[in-house]
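Here is what each chain is made of, one letter per residue.
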Amino acid sequence: MSRPEQLAPPEVFYNEDESQKYTASTRVQHIQAKMTFRALELLNLSPTEHFILDIGCGSGLSGEILTEEGYQWVGMDISPSMLAVALNREVEGDLFLSDMGTGIPFRPGTFDAAISISAIQWLCNADTANNDPKTRLKRFFNTLYGSLKRGGKFVAQFYPANDEQLTSITSAAKVAGFGGGVVIDDQDSKKNKKYYLVLTAGQAENQVNLNGVDMKGTERPGKKLTRKQKKDEETKKTYIMRKKELNRRRGKHVANDSKFTGRTRRPKF
Amino acid sequence: MKFLTTNFVRCPISKCDNSLKAFPLQYKNCELIQEELEFNPEFLANILDRLNWEAIIAVAGDLGNDSLPPTKPENVDPKDPENEQLLKDLHTLLIETQITEGEMHCGECGHIYYIKSSIPNFLLPPHLV
Ligand SMILES: C[S@@+](CC[C@H](N)C(=O)[O-])C[C@H]1O[C@@H](n2cnc3c(N)ncnc32)[C@H](O)[C@@H]1O
Ligand SMILES: [Zn+2]
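Protein chains in written order, with full-length UniProt numbering: chain L, 1 to 269; chain R, 1 to 129.
Keep in mind that the hints are not guaranteed to be accurate.
To be verified - With a Cα cut of at most 16 Å, we get these calculated EDC-like pairs of lysine to aspartate or glutamate:
no., chain 1, residue 1, chain 2, residue 2
1, L, LYS149, R, ASP49
2, L, LYS244, L, GLU41
3, R, LYS88, R, GLU36
4, L, LYS138, R, ASP17
5, R, LYS28, R, GLU101
6, L, LYS244, L, GLU69
What the hints assert, rightly or not - Pairwise CB distance ranges (calculated):
no., chain 1, residue 1, chain 2, residue 2, range
7, L, THR48, R, GLU82, 19 to 25 Å
8, R, GLN26, L, SER189, 51 to 57 Å
9, L, GLU164, R, LEU68, 49 to 55 Å
In short, the hints are calculated from the structure, not lab data. Computed from a prediction, not measured in an experiment: that's the story for all the values here. Yeah, the Cβ is synthetic: ideal placement off N, Cα and C, and Gly gets one too.
Chain R on its own, in the form it takes in the complex (with noise of 0.2 Å):
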């Protein structure tokens, strides 16, 4: 599962749904990889609008990144040459970083999700449906 995907999943269980604690889950005893995939900086520009920064710092500290700008950066243009290096970074930060193996807390119920192989396992047992 890529970095990106950690900024918008939440737990689906529905008496969670109205929960702020349901969202990011909690990431503990995670593996990673960096995995080289194509650059699409216009793809990033626009995907940061929707990004909830406080959300990546805070995923981003349970996997032992502590190094992050405390902003979210704003109005970035693909096409200005300046950015590039930006982009770059958040290429390889939410594209390229995925987690394989891991847990994910619900910080409302507890529940515990599980990453295996890359896939985390959202299927819930019958009396949380």
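Only chain L is shown next, with the shape it has when bound in the complex (with noise of 0.2 Å):
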């Protein structure tokens, strides 16, 4: 199966057909907001943190999660076909038509936090003469940087094509000033293994939700979690659950449960 960055630009490969079926399909809906709870978790906002930047928000299935959880909400994308769907189903964050490649339109402190759903790999692709990634990549970076208050956080899930692009990744995000590294999810399956990039804009008052991750050692898969870091990530989860249980007793669309277990994660930078 071919990636669809490789098929045609986002805001092509995204038309009013594509668009349609990706935001009807509930495998899709499932997974998205899966990954969105998962991006939440590892932003770990205290409970005054509120205004938040949706980078590649497409029809909105991730920011509607993030109105879910009270939080008021921007959400940017290039695709005009994705931003349609998502004004027809209401949302309720501002929706902008931008392309993140090309900068984030925000004065300085604007966002508490900023997440991204499976689409900042989009810009390590040359779609046409004068995209240039590295240069995109840096603009993107350099700006989002700008667009956070200080000690804002971001947290971004992505599909990398390879390591090259994991890396040019991190390193423009590393130039652009930014601290932290990259978390990687059921790293032994092959379909379900996820990449969360988690950074911070200087010191957060709140720190990112980093339990059971080693940012510094080596790689170690199959290392054990110590009783403490066990019984953080139980609370984590029996909150999460909770809070679910709550949303949907309050008759709320809510994920279904699933198995965020702290494994496998890998440093990088």
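Two chains, two frames, some hints: make the complex.
Structure representation (structure tokens):
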């Protein structure tokens, strides 16, 4: 199966047809919701942090979860068709037609945090003659850094095509001033393996939640968790389950339960 | 686009990066609607710190509202019932007032960004990237 990034530029790939198909698929809905919850878990926001940017927001599947969690959000996307679907679904966030590779159009210190679900790998594409991935990654991370408040955080689930892309993404983030790394969930499963870029713009009051993630050590896939780490994760999970149960009872759309065990993560920079 | 967002959005063209005139954008020929949305006093009290009140006044003026208080309300405790009316007014202005059609002009480079069906278009023509 070829990657969408190899087929056409994003605004062409996500045309009217594909945008509708994408959004209507319950499989897609579940997996995007699950990854959004995981991104929020990694972000570990304090209860007072509310203003969030969703980069590559598409039709609002990720944004709807931000609304459920009580956040105000702004979404940006390059595909008019995806945004049209978002409009029709009456999502609560503000929608911007905007290319992340040309810069984040917000003044310094605007957002508490930013998320991006399944989008930033598109920055590695050279679709047109003047799309230089290196320049675009640089512009993206520099302006994103600026638009976050000091201590602001960014978590992006993404699909790197290869190690080279992984490296160009993390090094552009680092050059822009971000600290952090890449968390890999389900490393041993070819199908479920997921990459999360987890970044902080300056010192955060509430650190990102890297429970069980060893940022400095080398890869230790079979590493046993300490009792304390196990306990931390237990409580986090129980907490999420409780919240999801609450939302279910309120009749809201809630993602299926899953097992985000704190397994196998790999340090990056 | 919510009125709130006008207090944060700026011209993304790189030669305007360091210009003080690239924010706030100037709003022209705008159509507005009021949309009823959930009242969240904590969010409002929290975002208040971050608001640039001069820009709020400038943009409200662009949109035909010249009756805002000249200084920003400070230290607003969302739990204090005395603040409820103030926060409700802020909610009406910032969250429920939305621009559905219109133009945003950059004061530095003059570029015009259009808002259509509530969505501002920030795609840049290749020569401005
Ligand atoms: C797989 S969809 C994910 C949408 C949404 N985050 C979700 O979870 O359902 C990827 C999105 O990234 C957007 N995208 C790709 N390149 C982009 C760019 N350069 N700027 C903004 N959005 C982009 C696409 O248009 C598409 O809507
Ligand atoms: Zn400009």
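Determine which of the earlier numbered hints do not hold for this structure and return their numbers in increasing order. none
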